Every structure is written in C-alpha cells, then in structure tokens.
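Number of protein chains: 2
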Amino acid sequence: MSFAEKFHLRIPGPTPIPPRIQQAMAHPMIGHRSGEASRLITECSERLKKIFGTEQHPLLLSSSGTSALEAAVVNTVAPGEEAIVVVTGAFGDRFAKIVEKYGYICHRLDIPWGQACDPELLKSFIEEHPHARAVFFTYCETSTGVLNPIGELSRVVREHSDALVIVDAVSCLGAVPSRMDEWGIDLMVTGSQKALMLPPGLAFAAVSERAWTTIEKNPGPRFYLDLPAYRKNLEKGTTPFTPAVSLLFGLKEALNMLDEEGLENVIKRHELLKEMTRAGIRALGLELMARDQDASPTVTSIHGGAGKWESEELRKALRQLQVVVAGGQQHLKGKIFRIGHMGYCDALDIFTTLSALELALHQTGVPVELGAGVKAAQEVYLTHV
Amino acid sequence: MSFAEKFHLRIPGPTPIPPRIQQAMAHPMIGHRSGEASRLITECSERLKKIFGTEQHPLLLSSSGTSALEAAVVNTVAPGEEAIVVVTGAFGDRFAKIVEKYGYICHRLDIPWGQACDPELLKSFIEEHPHARAVFFTYCETSTGVLNPIGELSRVVREHSDALVIVDAVSCLGAVPSRMDEWGIDLMVTGSQKALMLPPGLAFAAVSERAWTTIEKNPGPRFYLDLPAYRKNLEKGTTPFTPAVSLLFGLKEALNMLDEEGLENVIKRHELLKEMTRAGIRALGLELMARDQDASPTVTSIHGGAGKWESEELRKALRQLQVVVAGGQQHLKGKIFRIGHMGYCDALDIFTTLSALELALHQTGVPVELGAGVKAAQEVYLTHV
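Protein sequence lines, in the order shown, are assigned to chains P and A.
At position 55 of the first sequence the residue is numbered 55 (full-length UniProt numbering), and the sequence of numbers has no breaks.
At position 277 of the second sequence the residue is numbered 277 (full-length UniProt numbering), and the sequence of numbers has no breaks.
Each statement offered as a hint is correct.
Interface residues of chain A toward chain P, partial, derived using beta-carbon atoms under 8 Å:
no., residue
1, P16
2, I17
3, M25
4, H32
5, G65
6, T66
7, S67
8, E70
9, I98
10, G103
11, P200
12, P243
13, L247
14, V324
These aren't lab readings, by the way, just hints derived from the structure by calculation.
It should be emphasised that the depicted structure is a prediction, and the values quoted were computed from it without experimental measurement.
Think of the CB as a built atom: it goes at the ideal place given N, C-alpha and C, for glycine as much as any other residue.
Taking the hints into account, I'd like the entire structure generated from these sequences.
Here it is, written out as structure tokens:
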C-alpha cells in the first residue's frame with residue numbers, strides 16, 4: 001500500500017529537497033564565467049555570512065563535505081606540524097584520518113561516542129600538547145546526534161593556546177546558532193545536503209583573518225582545495241574551477257527560504273523538532289543516546305533495546321512503511337538508529353515518523369502503546385506554539 | 001527583442017541541459033547509502049565503460065573536472081618522481097601547474113597553442129626524459145579547439161617508455177571515439193558538464209590494471225581524491241564520500257539519451273557539427289585557429305581579424321542577440337572567440353549561431369555577406385545527411 005517514490009527521507013543528510021529549490025535548480029545552464037554566474041556566486045557568499053555568523057565571505061567549493069574537511073586540514077596544518085583532533089564520533093575520526101593520511105602529527109582526544117567534549121578535559125589536553133597548530137572539532141557529530149558546545153570549546157582553545165580553531169559544522173549549520181567571529185572560530189565548514197536543503201555537491205568554508213595569515217604561508221601541497229585560490233577568485237565574483245552551477249541556483253533559493261522564515265525561527269523550529277522527537281522516543285520506552293544537554297537539534301540517535309529489539313530489523317520495517325532512517329556507523333552499526341530532522345522538516349514530519357515507528361515496533365514484536373509517541377510529541381508542540 | 005532566459009549557450013562547457021535530464025535530476029532525494037543509490041552508482045559506472053572504451057569501471061567523483069586532473073596527478077606520481085606534461089593550451093598548462101604545485105619534477109613539452117602534439121616530437125622528448133613515471137596529455141584542448149591524436153600519442157609512449165599514459169578527456173569524451181584499453185591509455189578522466197550534457201559537479205576516472213599497481217603503492221598524500229578508496233567502494237556499489245546524488249540521476253538519463261542515439265551516431269553528429277561550423281566560419285572570411293586535421297569536433301576557435309574586428313566586442317554583440325560564446329584564455333584573451341558545439345547541440349543550433357554571428361559582425365562594422373555562413377553550413381549538412 002504505497003507509491004514507490006512517496007517516501008520520507010529522515011536520515012541526517014542528504015535531506016529532502018523543497019519543490020521551490022528543485023525548480024530553481026532547473027534554471028537553464030549558464031556560462032560559469034558570465035556576469036550572471038558572478039552575481040550568483042557573490043550573492044550566495046554574501047548571504048551565507050549570517051548563517052556562519054561571520055564578517056568573512058564564505059568560499060564555495062564544488063564537492064561534498066569531506067572535501068571541506070580535507071581543505072580545512074591541508075590549508076591550516078603544514079608538513080611536520082602538530083594538530084589536536086577532538087573525536088566524538090565518526091566525523092571527528094574522519095578529521096583525524098585526514099591529518100594522519102597527510103603524515104601530520106595527530107593528537108586525538110577521544111570522547112566516548114554519545115557524549116559531548118567537556119571543556120575542562122579539553123583544557124588539560126591542550127596544555128599537554130602546546131605545539132599543536134590547530135584544534136579540530138565537530139559541531140554536530142552526525143554519527144551520534146551530539147552537539148558539541150562549540151562556543152565554549154573555542155573559547156577554551158583561544159584562552160590557552162595560539163592554535164587555530166577549526167570546526168566541521170556540516171550537519172548543523174543553518175539549523176543551530178553560529179557566531180563564528182564572536183566565538184573566535186578560525187575556520188568553519190559545512191555542506192549543502194543537510195540543513196541547507198540542497199542536494200550534495202557543494203561545500204562552504206569561512207576563514208578568519210588570523211587563519212588566512214597561516215594559510216597563505218602554508219607550503220603544503222593542494223590544488224583543487226587551495227583556499228587562497230578560492231578567496232582570490234571570490235573577490236572577482238568567481239571560483240577557481242567550474243562550480244556546480246545548478247546547485248548554486250538552488251542555494252540562492254534555499255537562502256531565500258531561510259530569510260523568509262527568519263534564521264531565528266529556523267533555529268527555534270529545529271529546537272522544537274528535537275524536543276518533539278525526544279519526547280516521542282521516551283514515551284515509547286526507547287533509549288536516547290545523547291543526554292538532553294548534549295543533543296543536536298538536527299539528528300536524534302536511539303540505542304538498540306538490549307535484546308528487546310534489533311535496529312536493522314526495525315529500520316527494514318520502517319522502510320516498508322516508507323520511512324527511511326539511518327543506522328549506526330562503525331562500531332555502532334546494528335546498535336542504533338538515527339532520525340534526521342533538519343532542513344525541510346516540520347512538526348507533521350515528526351508525527352509521521354513517530355507513527356510509523358510505533359507501527360514498526362509493533363510489527364517487529366516490540367510491546368508498544370500505539371499513539372503514545374505521537375501524543376508526547378503533540379504535547380511538546382502545544383507548549384511551544 | 002528577447003526573452004531574458006531564452007539564450008543559446010554555445011561555450012565549450014558547461015553545455016545546455018536537455019529537459020529530460022533536468023526532469024531526471026528533480027527526482028526526490030534518496031539516502032546515499034540506500035539500495036537505490038547503489039544500483040544507480042553501479043549502473044552509471046557500468047554504462048560509462050563504453051564511453052571510455054574500457055573494460056575497467058569508471059570511478060565517480062563528486063567535484064568538477066580539475067579535481068579529476070589533480071586525482072590523476074597525485075595518484076600516479078609520487079613525491080620525488082618525474083612527469084612529462086604535454087602542454088597544448090590552458091588545460092595542459094593546468095596539468096603542469098598541479099604537478100609543480102605538488103613539488104614533483106615536471107618536464108613540459110610546450111606546443112604552440114592552436115597546434116596538436118606531433119608524435120615524432122613526443123618520441124624525442126620521451127627519450128630525453130627516460131625517468132618520467134607518467135606522461136600527461138589533453139585529448140581535446142578546450143582553450144584552442146585542438147584535438148590531439150591521442151591514440152597515436154599513447155602508442156608512442158608505450159613503445160618508448162614504461163611511463164603511464166594519462167589523458168584529460170574532459171571536453172570531448174562522449175563526443176569523440178575513445179578506445180582507452182586498445183590505445184594503451186592508463187588513466188582517463190572527464191567531467192559531467194561537456195559532451196555528457198549534465199551540470200558541472202561530477203567527474204569520472206577510468207584506470208588501467210597496470211596503473212592500479214602504481215597507484216596502490218603510491219605513498220603520496222590524498223584523501224578526497226584517493227582513487228583506491230573509490231575503487232574499493234565501487235565494488236560494493238557505493239562511493240567513499242557522499243556523492244552528488246541529483247547529478248547521478250541526471251547521468252543515468254544522459255546515458256539513456258546517448259544509447260538511444262547510439263554512440264557511433266553521437267560521434268558522427270559531432271563531426272558534422274564541426275564541419276558545418278568550420279565551413280560557415282570560412283565562408284564569412286574569418287580565420288580558424290586549428291588546422292582541419294587538428295580540429296576538435298566539440299569546440300571551434302576563431303582568430304581575431306588582425307584589426308578587422310575585436311573578439312570581445314563581437315562577443316558582446318552576440319550576447320545582445322542571445323548567443324553566448326567563449327573568449328580566449330590566458331594570452332589568447334581578447335584575441336579569439338570559441339564556439340562550443342558539443343552535447344545537446346544539433347544542426348539547427350549551428351545555423352542559429354552562424355546567423356547571429358553574421359548579424360553581430362555586421363553590427364560591429366565588419367563587412368560580411370549576410371547568410372553566407374549559414375549557406376555554407378547548409379551545404380555541408382546536405383552532403384552528409
């Protein structure tokens with residue numbers, strides 16, 4: 001009983017594309033060196049500033065999020081130098097892998113998956129590694145649904161070290177507060193396919209003045225990911241290499257949508273979606289992976305039921321019901337599932353997801369009170385709206 | 001007298017997107033690790049094989065053409081090693097710049113822009129540099145409209161050296177014959193936004209068995225562009241990093257279109273478009289940059305009139321008439337203009353372009369017989385169809 005293409009994509013990215021954005025992306029192709037392309041590039045960068053919370057112009061890369069992580073590494077750390085990577089999950093781990101792949105010295109601060117990084121712990125770690133040139137963080141750790149207290153962590157670094165503060169904000173920027181300049185963040189990157197409601201294929205990087213000094217002097221090899229080339233070209237309204245033009249048309253429309261709703265409201269909406277999801281999950285007797293104070297407004301991770309139920313079986317039952325959620329990554333494979341609630345997502349989507357989850361639990365033999373999750377989410381909704 | 005968006009994009013890429021492909025790209029977003037994504041990735045790679053002319057599975061990169069050029073360099077050449085780069089224009093120059101940026105030893109064989117590389121000259125150059133580990137070529141040099149005799153050049157390398165043969169086929173693959181395996185090419189790359197009729201944002205790389213041996217052992221640093229990671233993931237029907245999903249949906253439809261026309265017919269169509277364009281340009285008394293035997297079926301470069309007319313002024317007049325052509329790159333800026341006739345382009349597009357060009361020449365004060373270019377192109381058309 002279903003239409004093949006009428007499914008609900010509730011993974012933590014790629015996220016569903018609003019029809020307005022689909023339509024914008026169908027704009028006839030234009031020359032990438034035309035005046036129209038220049039205006040598009042310049043406007044997108046200008047309007048991304050407030051999403052990052054910076055006076056710097058975000059750079060536009062045509063590639064997916066990982067390329068921006070790599071750009072952050074190879075532009076700030078030079079051969080022979082040391083870096084600290086705070087690893088709170090699979091994407092912190094990816095930062096560490098990139099640093100190691102380039103043969104740079106990597107000091108990993110491993111935090112148990114499902115927890116945020118504690119500022120006190122960070123402080124000691126920084127003091128143990130005074131030669132680190134940069135500290136790498138994950139704002140929202142997609143693999144666990146944890147939002148690190150990035151403002152506070154950045155402050156700790158700035159107070160106790162000269163290291164650059166680098167932040168992967170791929171799975172949350174545009175859905176959470178970001179005051180990059182005020183918080184003292186030196187380089188922040190994100191991708192198109194999460195809260196920005198676009199298909200994958202674009203990545204963005206904003207760089208502080210302080211970081212540019214380091215980056216411009218960095219002799220480490222890079223070409224497609226050479227950020228100074230992007231900066232120099234952006235000043236002329238262009239990109240060093242052919243940009244993903246259709247996605248830029250989509251980006252402009254995504255920025256229109258964020259402006260119309262108002263960034264403050266967008267952030268509040270994501271807070272509400274998080275609260276609703278968590279209340280629903282709790283009401284169904286399932287276990288949330290992140291504590292309330294660590295939970296991301298963009299993705300919620302749910303622990304397996306320790307014998308009561310099996311997450312991959314549950315995901316299959318949900319897929320049958322046309323709801324797609326994500327499984328666990330690395331050692332969490334088969335142990336958790338994750339619900340994405342960022343971007344083009346509203347309260348009704350949470351009711352839909354929870355109602356399908358209730359059915360799927362029931363169908364896989366897990367005792368569940370039908371409607372209880374939805375009811376809890378509705379109650380949260382009523383107190384907020 | 002015009003509709004703002006009803007213009008004719010006749011630059012050598014990005015090229016116009018067929019409505020069918022636009023529609024395919026508007027497919028609802030899917031999970032990048034879903035079964036549907038796996039089937040899409042596997043099918044696209046399988047069907048790209050015949051476009052490359054190889055039994056190897058082309059790898060799918062989510063980034064633009066230059067990233068594939070960089071991938072070709074950093075995967076085949078290791079720190080301290082030597083490479084030969086045949087430079088016939090701006091894109092050969094880009095290969096050389098990448099090699100140099102990484103600090104590898106670069107032997108440039110510079111050919112005057114507008115000419116193809118002569119196999120005899122290549123032979124001597126290879127003998128002068130016996131330690132080169134790879135030789136880099138540009139199949140179609142977009143900046144001049146020259147198609148290098150890549151089969152013959154590859155044969156010369158294979159007969160006189162153990163170096164790998166690397167080919168940038170960005171601005172021609174899908175419009176020209178390619179027998180990668182038969183010609184002994186080790187690594188060939190292309191991009192989405194040229195003859196493949198897609199927006200920019202995808203790049204493809206096919207690698208010979210012989211090259212894999214070198215690539216797997218190469219200790220040089222790379223992460224997003226690490227080809228072995230793409231190969232390993234492709235075997236499981238996936239990509240190492242989030243792919244540009246919407247472009248993959250478009251790619252499948254582009255491959256349908258190429259299959260329906262038949263690759264042989266696609267290649268013949270491009271030959272015809274080239275002949276028509278060149279006949280029209282000659283009939284208008286303008287000077288073609290490439291000799292007949294060196295001319296690419298995808299792009300035609302026209303020299304400035306040595307005082308008779310100025311290419312940037314002409315381009316502006318054409319833009320007013322809703323036809324967009326490209327200017328010259330590097331030292332050819334202002335001296336030439338280039339007409340792209342690849343991908344979603346047919347005979348009527350050439351008439352349109354030539355008729356506008358005749359008007360533009362007239363409007364900028366260049367003596368021209370109106371209709372003469374169109375007539376010459378029509379005559380070519382009649383002899384071929």
